[in-house]
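A.B. asks: Positions 3 to 91 (our numbering) are the ones given, in order, by the sequence shown.
If you are wondering where the hints come from, they were derived from the structure by calculation, not from laboratory data. Where a beta carbon is used, it is the ideal one built from N, C-alpha and C, also for glycine. Incorrect hints may have been included.
[As the list claims (entries may be wrong)] Derived Cβ-Cβ restraints for the label pairs, each shown as a range:
| # | residue 1 | residue 2 | range |
| --- | --- | --- | --- |
| 1 | Glu-47 | Glu-71 | 24 to 32 Å |
| 2 | Ser-90 | Gly-42 | 16 to 24 Å |
| 3 | Lys-33 | Gln-83 | 26 to 34 Å |
| 4 | Glu-80 | Pro-60 | 14 to 22 Å |
| 5 | Val-32 | Val-76 | 13 to 21 Å |
| 6 | Lys-73 | Asp-40 | 19 to 27 Å |
| 7 | Gly-31 | Leu-61 | 28 to 36 Å |
| 8 | Leu-89 | Ser-48 | 12 to 20 Å |
| 9 | Glu-29 | Pro-60 | 23 to 31 Å |
| 10 | Pro-60 | Met-11 | 27 to 35 Å |
| 11 | Gly-10 | Gly-31 | 30 to 38 Å |
| 12 | Lys-4 | Ser-55 | 15 to 23 Å |
| 13 | Glu-57 | Met-21 | 28 to 36 Å |
[Stated by the list, open to error] Distance condition first, Cα-Cα at most 25 Å in a straight line; then the derived SDA-like pairs of lysine to any residue:
| # | residue 1 | residue 2 |
| --- | --- | --- |
| 14 | Lys-28 | Val-88 |
| 15 | Lys-65 | Asp-40 |
| 16 | Lys-45 | Glu-29 |
| 17 | Lys-28 | Leu-61 |
| 18 | Lys-4 | Ser-46 |
| 19 | Lys-73 | Glu-57 |
| 20 | Lys-28 | Gly-42 |
| 21 | Lys-33 | Val-18 |
| 22 | Lys-63 | Arg-20 |
| 23 | Lys-4 | Leu-27 |
| 24 | Lys-33 | Glu-71 |
| 25 | Lys-45 | Ser-55 |
| 26 | Lys-63 | Asp-50 |
| 27 | Lys-28 | Val-51 |
| 28 | Lys-4 | Arg-82 |
| 29 | Lys-33 | Asp-77 |
| 30 | Lys-4 | Asn-74 |
| 31 | Lys-73 | Val-32 |
| 32 | Lys-4 | Pro-68 |
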Amino acid sequence: MKILAVCGMGFGSSMVLRMTIESVLKEMGVKATVATSDIGSAKSESADVIVTSSEFAPLLKDKGVPILEIKNYVDKEEMRQKLSSVLSA
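Please construct the entire structure, taking both the sequences and the accompanying hints into account.
C.D. replies: Structure, rendered in structure tokens:
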């Protein structure tokens with residue numbers, strides 16, 4: 003499974019998202035690759051799940067994969083709930 007963490011520029015917020023995602027996945031015992039991307043590049047990258055803000059989610063809706071909108075990038079409980087919703091499907 004590949005999870006793509008997306009922010010505007012591809013390094014600041016997406017790195018925070020990546021660290022939170024990896025931490026939660028480890029706690030859940032789930033193995034996945036987590037990559038970071040800027041919004042422009044994300045449109046052409048492949049992924050099984052995209053994690054981003056509500057600001058960028060509408061720009062990625064045509065990707066045809068689950069898009070998780072995260073409000074607080076460091077909130078592990080929010081991340082766990084959102085990831086669980088797609089991992090259990």
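A.B. asks: So, for every hint listed, does it hold in this structure?
C.D. replies: Here's how the hints hold up against the structure:
Here the CB-CB span from Glu-47 to Glu-71 is close to 18 Å, at odds with the stated 24 to 32 Å. The hinted range of 16 to 24 Å is not satisfied by Ser-90 and Gly-42, whose Cβ atoms lie roughly 31 Å apart. Separation of Lys-33 from Gln-83 is about 20 Å and departs from the stated range, judged on CB atoms against 26 to 34 Å. Between Glu-80 and Pro-60 the Cβ separation comes to about 19 Å, which falls inside the hinted range of 14 to 22 Å.
One distance hint, 13 to 21 Å for the beta-carbon pair Val-32 and Val-76, holds here, with the actual separation near 19 Å. The hinted range of 19 to 27 Å is satisfied by Lys-73 and Asp-40, whose Cβ atoms lie roughly 20 Å apart. Gly-31 and Leu-61 have their C-beta atoms about 32 Å apart, which keeps the hinted 28 to 36 Å range intact. Between Leu-89 and Ser-48 the beta carbon distance is about 18 Å. The supplied range of 12 to 20 Å therefore holds.
Between Glu-29 and Pro-60, the C-beta spacing of about 30 Å keeps the proposed range 23 to 31 Å intact. Between Pro-60 and Met-11 the CB atoms are about 18 Å apart, so this pair departs from the stated range of 27 to 35 Å. At about 32 Å, the beta-carbon gap between Gly-10 and Gly-31 stays in the expected band of 30 to 38 Å. Judged by the Cβ atoms, the range 15 to 23 Å given for Lys-4 and Ser-55 holds: they are separated by roughly 19 Å.
The hinted window of 28 to 36 Å between Glu-57 and Met-21 is violated, with their beta carbons roughly 20 Å apart. Using a Cα cut-off of 25 Å, the hinted pair Lys-28 and Val-88 holds, with the two alpha carbons roughly 16 Å apart. Straight-line distance between C-alpha atoms of Lys-65 and Asp-40 comes to about 15 Å, which keeps the hinted pair within the 25 Å bound. A hinted pair counts as satisfied when its Cα atoms are at most 25 Å apart, and Lys-45 with Glu-29 does not qualify at roughly 29 Å.
The straight-line distance between the Cα atoms of Lys-28 and Leu-61 is roughly 29 Å, outside the 25 Å bound, and the hint therefore fails. With a C-alpha separation of about 14 Å, the suggested pairing of Lys-4 with Ser-46 holds against the 25 Å cut-off. Distance restraint check for Lys-73 and Glu-57: the Cα-Cα separation of roughly 10 Å lies within the 25 Å cut-off, and the hinted pair is therefore satisfied. In summary, the hint linking Lys-28 to Gly-42 is not supported, as the alpha carbons are separated by about 29 Å, beyond the 25 Å threshold.
Only pairs whose Cα atoms come within 25 Å are accepted, and Lys-33 paired with Val-18 is accepted, the gap being roughly 19 Å. Simply put, Lys-63 and Arg-20 have alpha-carbon atoms about 20 Å apart, close enough for the 25 Å limit, and the pair holds. Restraint check for Lys-4 and Leu-27: satisfied, since their Cα atoms lie roughly 12 Å apart, inside the 25 Å limit. Between Lys-33 and Glu-71 the CA atoms are separated by roughly 21 Å; this keeps the pair inside 25 Å, and the hint holds.
The straight-line distance between the Cα atoms of Lys-45 and Ser-55 is roughly 15 Å, inside the 25 Å bound, and the hint therefore holds. In summary, the hint linking Lys-63 to Asp-50 is supported, as the alpha carbons are separated by about 13 Å, within the 25 Å threshold. Between Lys-28 and Val-51, the direct Cα distance comes to roughly 17 Å. Compliance with the 25 Å bound is thereby established for this hinted pair. The suggested pairing of Lys-4 with Arg-82 holds, with an alpha-carbon distance near 16 Å, which does not exceed 25 Å.
The suggested pairing of Lys-33 with Asp-77 holds, with an alpha-carbon distance near 20 Å, which does not exceed 25 Å. Of the supplied pair hints, the one linking Lys-4 and Asn-74 holds, its CA atoms being roughly 21 Å apart against a limit of 25 Å. Our distance criterion of 25 Å between C-alpha atoms is met by Lys-73 and Val-32, whose separation comes to about 22 Å. Restraint check for Lys-4 and Pro-68: the C-alpha separation of about 12 Å stays at or below 25 Å, so the hint holds.
The structure fails to meet hints 1, 2, 3, 10, 13, 16, 17 and 20 from the earlier list, while all remaining hints are met.
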